[in-house]
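These protein sequence lines map, in sequence, to chains A and B. The opening position of the first sequence corresponds to residue 0 in numbering that gives the first Met the number 0, with each subsequent residue numbered one higher. The opening position of the second sequence corresponds to residue 0 in numbering that gives the first Met the number 0, with each subsequent residue numbered one higher.
If you're looking for bench data, these hints aren't it; they were derived computationally from the structure. Bear in mind the structure is a predicted one, so any value in this text is a computation, not a measurement. Beta carbons: idealized from backbone N, C-alpha and C, even for Gly. Any given hint could be a false lead.
Claimed, not checked - Label-pair distances were calculated between CB atoms; the ranges are: (1) B:ILE213 x A:ASN76: 43 to 51 Å; (2) A:ASN76 x B:ARG214: 53 to 61 Å; (3) B:ASP58 x A:ASP133: 25 to 33 Å; (4) A:ASP54 x B:GLN3: 44 to 52 Å; (5) B:THR239 x A:LEU23: 51 to 59 Å; (6) B:ARG214 x A:PRO168: 49 to 57 Å.
What the hints assert, rightly or not - Result set (SDA-like, lysine to any residue): computed pairs, CA atoms no more than 25 Å apart in a straight line: (7) A:LYS81 x B:LEU24; (8) A:LYS1 x B:ILE86; (9) A:LYS124 x B:SER44; (10) B:LYS133 x B:TRP186.
Stated by the list, open to error - Every beta carbon over 10 Å from chain B, so not counted as near; a handful from chain A, in silico: (11) SER35; (12) GLN57; (13) ALA87.
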Amino acid sequence: MKLYSSDLSNFASKTRIAIREKGLNIDLIKPPGGTSSTEYRKLNPLGKIPALELDNGQVIAESETINEYLEERYPQNPLLPKDAASRALVRTFSRLNDLYLDPPFRSLLPQLFGKKLDVSFVQEKLAEINNRLDQLEGMIGSPWAAGDTFTLADAALTPTLFLIVNILPQFGVGSPVDSRPKLAAWWKQAQGRPSIRKTLDEQRTALTALMTK
Amino acid sequence: MREQVRIIGSYLSPYVRKVLVVLDLKGISYEIDPIVPFFGDDRFSQMSPIRRIPVLIDDSGTIGDSSVICQYLEDRYPQPMLYPADIVDRARARWLEEYADSRMGEVFIWRLFNQVAIKRAVWGEQTDKSVVEKTLREDIPQVLDYLETQVPVEGFVFGTVSIADISIACFFRNAAFSQFQIDSARWPRTTAFVERILKLDSFEKLKLIEDRLIRTPLAQHRAALKEIGVPLTKATYGTTEPRRGIMRID
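Construct all of the structure, not just a fragment, from the sequences and the given hints.
Given below as structure tokens:
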């Protein structure tokens, strides 16, 4: 089995955390020719990262779908609770991350690569990110996002938060965790977890390389 | 005895429809507060911070997001199974559900239905014809080309009815509200598939209600539903003044 991944991508990192939590031996490889190559598009028509290729050649796309698949196929070290309501809570965090926290943040990235974004656009997106983080502050549990145990919610949130914490100051705003005590406590705890530490280290190396290019 | 399931959200939303079909197939009764999200009050904002529908409330709490709700219903009420038993198929089913919710949602709801219905009925604004034309000319054909490679000639995508069939079919009801019809010569499989799925009893029952609502002004939806005997919640999260949430409006 192999995972098409990139060290920096928060969505690929989310899946790498799940793989490490379960102790799986899955090859991590870069998409052949980059994500927009014809070769990669044949594997994953949307050209997105990550994608999991099974031994029979079948490809599963979307980090959330991949993580649910890994959870079902390798139930050891479970990353979803047993009861239905707790599972729904974990998935709510993942959706908040994938659909509502990541997109406004992602829309700001072109500015880091030299494209001047409209000031009012940047303000609007920063406000949206702040709203989402406030929402997260209201929901986040202790010691883990969904409560007592480490789950897919923590795997989903940490790589996105890593990027936000490290990139948002470039837009002249302070650290998003300093003013949010619950989020800060969780963030500190999460970074000590080996699977997360290793994955965030990879993200950090890739981000530093990108920023010093 | 468990608390009655309550659903917040209008019958005209494809995401609400997905949840209502799943509830019906699993034989779970519910009460409904049929609001359009733009008309939700402050308590609605608190419950659904991004002001989206549907929201499900039951004895274990409040859950938002149709995909999270459907998976919750599957976990809590496993029969009949609406996610395939085989785990690779299940991953494919979730992918198709996500494709429908994101991509079909963007095209059929935010570009088409928003332009021809929501803008006029909620905001009193004009349809932007150029958006509609581009959607019909480029985006919808691209979606249908993809679906044509995914749906079967007969029956369901995974043998028995699943979340994949339901999620895809839901958007074609809003396409129909927007007067869109699939070209059956160009996309024969998809045309037949959608017809077949929408003939399921769970969709047919909703169709009667939807057809009534689509001809009724928003302010009279509750009254119209009461008249046809829909089990409404006693209280509503609705108001009479629409407000823009952080919802995406293209």
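Hint check results:
no., hint, in the structure
1, B:ILE213 x A:ASN76: 43 to 51 Å, "49 Å, holds"
2, A:ASN76 x B:ARG214: 53 to 61 Å, "54 Å, holds"
3, B:ASP58 x A:ASP133: 25 to 33 Å, "28 Å, holds"
4, A:ASP54 x B:GLN3: 44 to 52 Å, "47 Å, holds"
5, B:THR239 x A:LEU23: 51 to 59 Å, "54 Å, holds"
6, B:ARG214 x A:PRO168: 49 to 57 Å, "54 Å, holds"
7, A:LYS81 x B:LEU24, "23 Å, holds"
8, A:LYS1 x B:ILE86, "17 Å, holds"
9, A:LYS124 x B:SER44, "19 Å, holds"
10, B:LYS133 x B:TRP186, "19 Å, holds"
11, SER35, "17 Å, holds"
12, GLN57, "6 Å, violated"
13, ALA87, "4 Å, violated"
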